[in-house]
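Asker: Assemble the complex: chain A is given as a structure, and chain B must be docked to it using the hints.
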Amino acid sequence: MIETFAALAEPNRFRIVELLRRGPRAVNDIGERLHLNQPQVSKHLRVLKEVGLVEVQHQAQQRIYELRARPLRELHDWLERYRRIWEERFDQLDELIDDLSTKEKTHDDRKRK
Amino acid sequence: MTTESASERVTKNKTTVERRSDRELVVTRTFNAPARIVFDAWTKPELLKRWWAPRSLGVSLFRCEADVRVGGGYRYEFGHDPGQPLVFSGTFREVAPPSRLVWTQIFEQMRSAGEAVVTATFTEHDGKTELVLHQAFATKEALDGAIASGMEKGMRETYEQLEDLLGSLR
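Protein chains in written order, with our numbering: chain A, 1 to 113; chain B, 1 to 170.
Pulled out of the complex, with its shape left as it was, chain A reads as follows (with noise of 0.2 Å):
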């Protein structure tokens, strides 16, 4: 996790991930989609290879690289497992809200009375 955190951080690492969710692509076709020259772009690779952020397929003389889904939801998993905590809290905090919120309108209307 801590890997895959730190090589996601890099903006264009994380251009290059958010491409291959669309599927897999050669070296050059990222680079050039991306408009990163290929030093650049086999550097980032190698970094989200080593992290098992992506794996490598050799076809006839192309480097293919595709994604690995598992870091990546457990990345989401833990995000959404967070997010409910905070959503529960929230609507918890709604009801005290709600009750906050009518208790001074009763006592605003007492005022006018």
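Derived by calculation from the structure, the hints in this document are not laboratory data.
In this text, all values refer to a predicted model and were calculated from it rather than measured experimentally.
Treat the hints with care, as some may be off.
Listed next, the in silico PhoX-like pairs over lysine-lysine satisfying Cα-Cα at most 25 Å (straight line) [claimed, not checked]:
(1) B/K49 / A/K105
(2) B/K14 / B/K128
(3) A/K105 / B/K140
(4) A/K103 / B/K128
(5) A/K103 / B/K44
(6) A/K103 / B/K12
(7) A/K49 / B/K140
(8) B/K49 / B/K14
(9) A/K105 / B/K12
(10) A/K43 / B/K140
(11) A/K103 / B/K49
(12) B/K49 / B/K12
(13) B/K49 / B/K128
(14) A/K105 / B/K44
(15) B/K140 / B/K12
(16) B/K44 / B/K128
Answerer: Positioned in the frame of chain A, the structure of chain B alone reads:
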């Protein structure tokens, strides 16, 4: 889905969580009330006790003290057993009711994770308040640690697991 939960969905405001960098998380939510009320609910211990602990986790906020002024301290004791509470503590750095609050935060059971800095902004529009909660962890390892401990679910005893999950609550 039942009709009831479908109608709840229409009225409920959305909670979003975004990872903004390797050590920052941002939580947002809108409340149907003026900022003044939302700010009170965040800062008055007697009100915090009524919403802060997520009920589905079966935990309670046993003690809650907050000296809400710049340099003032706070301490939340929560969990399952009041005799062995989990504790969040820290200091208020900025206090600007009802729109902004900045505080430091340590989860005492995981002191090594260091101090996080949390900024809450309450922005009011037409009687509603948007809350943006920005959490900057001390190091990327602290955030990763919170996440990693949440990931190990199912590998340890429920209570321990919950402790770690609770450590990542704020």
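Asker: Run every hint past the structure and note whether it holds.
Answerer: A quick look at each hint next to the structure:
no.	hint	result
1	B/K49 / A/K105	holds (23 Å)
2	B/K14 / B/K128	holds (13 Å)
3	A/K105 / B/K140	violated (46 Å)
4	A/K103 / B/K128	holds (18 Å)
5	A/K103 / B/K44	holds (17 Å)
6	A/K103 / B/K12	holds (21 Å)
7	A/K49 / B/K140	holds (21 Å)
8	B/K49 / B/K14	holds (23 Å)
9	A/K105 / B/K12	holds (22 Å)
10	A/K43 / B/K140	holds (22 Å)
11	A/K103 / B/K49	holds (18 Å)
12	B/K49 / B/K12	holds (22 Å)
13	B/K49 / B/K128	holds (23 Å)
14	A/K105 / B/K44	holds (20 Å)
15	B/K140 / B/K12	violated (33 Å)
16	B/K44 / B/K128	holds (20 Å)
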